[in-house]
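Undergrad: Dock chain one against chain two, each of which comes alone in its own frame, and use the hints as you go.
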Amino acid sequence: MATPLAGYLLVAALLFAIGLAGALTRRNAILVLIGIELMLNAANLNLIAFWRYGPHPEALTGMMFAIFSIAVAAAEAAVGLGLVISIHRHTQTVDIDQINRLKG
Amino acid sequence: MQESTLFIPQISASAITGILWLIPALPIVASGAIALMKQPLRKPAATLAIGSLACSLVLALVAFGHVVAGWAHGAAVRETVNFTWIQVGTAHVDLGWVLDPLAAVMLVMVCFVGLLIFIYSVGYMAHDENFTRFFCFLSLFAGAMLGVVISNSILLLFMCWELVGLTSYLLIGFWYQKPSAAAAAKKAFLTTRVGDVFFLLGIVWLFAQTGTLLFYNAGAGSMEALQLLLLRGTPSHLGLTAAGAIGLLIFAGAAGKSGQLPLHVWLPDAMEGPTPVSALIHAATMVAAGVYLVARVYPLMQVGMPFSAGGGAIGSTTALTVVTWVGASTALFAALIAVAQNDIKRILAYSTISQLGYMMAGLGIGGVAVGMFHLITHAFFKALLFMGAGSVIHGCHDEQDIRRMGGLRAEMRWTFLTYAVGMLALCGFPLFFSGFWSKDAILEAAQGWSVARAPFYMLAGGALLTAFYMTRQVSYVFFGKWRGHGHAHESPAVMTMPLAILAFFAIFLGAIGTPAWPWFRAFLENYDAPVSFAGFAEPDLMTLMLTSSAIVIAGLLLGWWIYGNKSPRPEEQDALEKVMPPVWTVLAHKFYIDELYGVTVIAFYWASAHVADWLDRRVWGGAVAAVAWLFRGFAQLSRLFDVHWVDGSFDKGCEELASGGGLAARVQSGRVQMYLRLLALAVVVLAAILLWSSPR
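Sequence lines, in order, name chains A and B. Going by this note's numbering, the first residue of the first sequence is number 1, and it counts up by one from there. Going by this note's numbering, the first residue of the second sequence is number 105, and it counts up by one from there.
Pulled out of the complex, with its shape left as it was, chain B reads as follows (with noise of 0.2 Å):
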């Protein structure tokens, strides 16, 4: 791989950065407008949504063109916005935004397919009486995309990311009626929580080692040369440098989010949401965060990387191995798993995983340019045959299963050759498709990858079976005779336009990244791309190039010869199943990685609910009745005393006032004789007494 060219950051904001933040703050602004509008109004909250997207779209595409056209003057652009967000003492926590090529390039991407499946919604969820609130999550799910690109901080890329996690959850039980909804929502909600606590302690280890939150910021960001050798120089367990360990943390939050092995079940049962949806999660937002996040934070996770004299790497860093293995892993299995569903989203859902286990694989073999060029070619194609099906679906009236499909080439004339581009450039099909010359960079880097040769092979494999199971599914639904029930039809305009579209794009986008113009490449790590066709007469990218050719043709052959024009019963056996029925048990059931997780993760927190209700119970609450008990009886206690002895003895001293009083009170009967009497009585006792006491 190339040594990426030093950056030189830009102190000074352009115009357009200083305005940056408006492109994630249009849609959630819009999305907190369309919150407050009633349920009928579904027509101005269509229009908001589109409108502000539309918007940071046209200001995304102005960046993106600062960005060239700094580019193109041979200056790279880094223009960062920081403030402080609080001040403690001398600790503040900062906070900003940044326009460099990556950020500009995944805000092109992420407002225009965006921006397609919200016209493409329109038309889907015409008939959803919960419009304009699939607008507002809508909105919001894009604008927290948004804000997790265009963050500074790695702060504020976490509050995005999570606000990325609470918005898929609200669009995945969008159905929440449908308890299976309900759980996939959960589920994705929980799932990527694991991760996101692995992220949050990098981020706090981050934090700790290199004092600031920001990843660019004049020299003293943590991306930035000096912080990186600092934690390159500190030693953490396990024989990792502290970049390495805070770098593993990191993607295990991306893992999370990007559906990787041992993280990725929540990514099939998303299919539960609405397919615009699916298709925003699988293309431009959800999944694209974690390999951007990687991406952005790749400076720590490269820091340390072993360079031979001519520039070229020999060997990798720990974290980047990590994430080469995890990446290619996923990708074959993933594959593997999509060969034998039937489920028309579910086969896409895998393909999505294994193609982000491509991403990551490249992010980890070859640099940022390699993963995030498949990053955007995938988000364009994916997010065409996300919505291809959606319109199959709508077409053959919420059928999702492709053995009850079939034929429909001929019904769905616009969404059959859209949906044909779109497999082609998934399955990498030579020279025309924007998918061959992404995935073709990630196995040429994988090829000459210096660890082990392992990865290249999965790849590979990962490629052919996805040519097989593209091709499988390809021909249930659109060859063969119809099985389904009703009559399929066509899909409005305004869901088969986007299509068009992304078609375009699936097939030109490639244009940007080949060997013969790495442009994309040469875009991101700064350096100057001539057109040259030169780069195709090296050897070894010739033999690789016929290899992975092959590789994807042989793939679909072998799908056509197993699957093509034939129109099995729906009841039947799947073509596979009568030859190797055990494999094919297997795949089908994902490899039980759903039962296994629900036979340890599950049970255990099972028992550990049951064991801590118990102990609530019984230990907990069995304390706190007998503290109770005991303060019950003492209670008791006091007020025995209380009512005998106190109350007692007072009221028998008011009794003997009341008695005595009374007694008293009989003298004073207002008889003037009587009192004389007293007194004449006491006159006498008086002189008695003086009489007899005085001396003589």
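Just chain A, same shape as in the assembly (with noise of 0.2 Å):
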């Protein structure tokens, strides 16, 4: 415990647990959907701590890395607001437990 990345690796691991709590809990889909962004910030903090702490820190590989994934995350996240919302205006709710008619 004595380097700074096992700080940041407990801070990820809180975080993801924090998302992946949410993301289970929660009744309402925004909720659910801010959850996944938790869980997905935990792993972009992930990859920035082990290629700051890792051998080669000089090269930008970690970065890149964690822009690319932010990228994806953000067009993740506006698809999924975009069902959310055609959901809410197929059933006139957001409560993912009402939402079960997708099932085979």
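Please keep in mind that the hints were generated in silico from the structure rather than gathered at the bench. Do not take every clue at face value.
Residues of chain B placed beyond 12 Å of chain A at every Cβ, according to the derived structure [stated by the list, open to error]: (1) ALA173; (2) VAL192; (3) ASP198; (4) PRO339; (5) GLY408; (6) GLU594; (7) LEU691; (8) THR704; (9) VAL705; (10) LEU719; (11) LEU783; (12) VAL787.
Covered stretches of chain A (in silico footprint by chain B; criterion: 3 or more residues with CB under 8 Å from a CB of chain B, positions within the stretch not fixed) [to be verified]: (13) 48-57; (14) 87-100.
This structure is a prediction, so every number in the text was calculated from the model and none was measured. Note that CB positions come from ideal geometry on N, CA and C, so glycine has one too.
TA: Laid out in structure tokens, this is it:
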């Protein structure tokens, strides 16, 4: 626990756990999306931390990876919100316990 | 007897032989056309039947003229038309027809007598509602018989022969509403069938031996010298040659059709048919077929006959000896039965059997001409007698018992006159009647038979009895006082005219076969026949003629003495019965032949049928039932297996699958968060596995 890496990892793990808990427990579809974003950012934090304290911090690989991930996450969030809006139009609700018709 | 001149077969057929097939074909086609007609079309039906047979008669006369012309030029006519019917590999079935003196004589007789019977039927059946059906059968009957006559192939002959049997069945059972008529038809069919089985065996054997079905085929036919020599040389069982054995088999068929001794029982019962049918069966067609068959295969029966140096026969062949003995016994036997019958038609039936016996004996002893001459003369006077009897029955309102008739000579003048002619011809009254000459020829031959004397005495006894029972019948029917009901009346001209024509022939037909001018024999056996009254001068012949005349006159006088002009009441015992009751009983019961067959043949078949029935029901039926039971058991077992094992396990599997599916489906709840939870759990589990399993 001497290196600062551990601290970052702990924060990231905490963040991931909070995000997971949110995604699993909230009923509101938007809050579930927010939880997912948190988990994603926890992963990004890990990427940066491992890059910064890794063997080759001079190459910008980790940062590039994180920026890519953020961009993809933004697109994903847009798609997700779009889906939520269209579901809300369709069913007049965003409670995902009500939206259970997507089953075999 | 005289050895017949060898026929030289003529290959090239004349025009008339070429169309000879039309003679049987016309009535058969007419019969087919009538079969399609409706019941009320009585006149067209009768016209068609009579017209077709009249055309056949014309053709037959032309054919006869052709043969006579050939004979007059000294050339024996035997023209054949043969053709192959079926060809299988090298084996072939040949059919064909033949025109020779024998066939020509028969053709004219059958057509002529048949035509008169047809005309007579128009009157006799006038009140029957099935008039058209009657003429249909009648035409077929005549056509089938004509087919028998012209056949040159024993197979074609057999086909027509069976057709004759079929139509006789149909006609005897014409009034099938009467149980007795239906039974008589069956009896006739089955009894003749017994003979036909032997006949068929004979045909098969003959075909196997000679390889040909044709009688005459330019030297290769089965009745020609080459094949006969081979047949004679082939030994068979019991010391017979193949020729003799085949001849006997064929004779068995002839005996069935012609009512010879063991197989005569159907003929009297055949009286159940309408009277014209009886006339046709007894005179022109059915029974004549048997005699004709024997005449047709005569070369086969004759082969191996020992001849003396002078040309006369010394001895006989086995086949001909059998024919003679059967014929002579039948002649005497049936004449005895006829004495004690009271049904007008039954008396005539037994007289037919008796006369057929004469014909067979004539064939056996004296050759084709002797037997055939009696066949021809008999056809005329027997048709006359039957149609006369029909006229009497018609006039007496369907009464057939001679005890309930009497004194009809006044009411039915024409019938009486013609009947008297027929009766005297049948008895063989001297000089003026045809029956005398034909019967005399048979007696003459029998007297000179070198094998045995007994047939002569049997035939002479038969002649005496014939005169006796015919006198009895005629005096019962036409003399004395009327003992029936109602008033008797004469029949219409359409019925009496044929009688008059037949009566004419019954008298004058004898002229073609007298010893002075043996034209008939000469014609059949192909030699010249000059008229010479020297024939009478031979002392043997003279004695014989006197003897037979004496016999006939004795019979007539005896009959007249006992029965003449008396009018016994119907209930009264017969004059003979009073004198000899036991003999009378035996005769009246026809020697108990029917009863004998009843307790032997019929009982045997009855028992066999019962045994077969029992076997069928119990043994075979039991076996079948057991097998069925076994298989039902198996089926039951496999059903159980199926239901409980196969189906059960299948159902169980399905159930398991369904419940497993249900379990899996419950996870698929559609709740996103549940999926996520599972996903998270899975990640944790995977991480744990990786963590624990990775080597440190």
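Undergrad: Work down the list of hints and note, for each, if the structure agrees.
TA: Status of each hint after checking the structure:
No Cβ of chain A comes within 12 Å of the Cβ of ALA173 of chain B; the nearest lies about 110 Å off, and the non-interface call holds. Every Cβ of chain A is farther than 12 Å from the Cβ of VAL192 of chain B; the closest lies at roughly 75 Å, confirming the non-interface assignment. No beta-carbon of chain A comes within 12 Å of the beta-carbon of ASP198 of chain B; the shortest separation is about 86 Å. Distance check for PRO339 of chain B against chain A: the nearest CB is about 98 Å away, which clears 12 Å, and the non-interface claim stands.
The claim that GLY408 of chain B lies off the interface holds: its Cβ sits roughly 105 Å from the closest Cβ of chain A, which is beyond the 12 Å cut-off. Every C-beta of chain A lies more than 12 Å from that of GLU594 of chain B, the closest at about 110 Å, which supports listing it as non-interface. Its beta-carbon lying about 108 Å from the closest one in chain A, LEU691 of chain B satisfies the requirement of being farther than 12 Å from that chain. Consistency note on THR704 of chain B: stated as away from chain A, and its beta-carbon is indeed over 12 Å from all of that chain's, at 91 Å minimum.
Against the 12 Å criterion, VAL705 of chain B stays outside the reach of chain A, whose nearest CB is about 88 Å from its own CB. LEU719 of chain B, annotated as away from the interface, keeps every beta carbon of chain A farther than 12 Å; the closest lies near 71 Å. Not every CB of chain A is more than 12 Å from the CB of LEU783 of chain B (nearest about 10 Å), against its label as outside the interface. For VAL787 of chain B, the requirement that its beta carbon stay farther than 12 Å from each beta carbon of chain A is not met, with the minimum near 10 Å.
Counting residues of the segment 48-57 of chain A whose CB falls under 8 Å from any CB of chain B gives 0; the rule of at least 3 is not met. Given a C-beta distance limit of less than 8 Å, the hint that chain B covers the segment 87-100 of chain A holds, as 4 residues qualify and 3 suffice.
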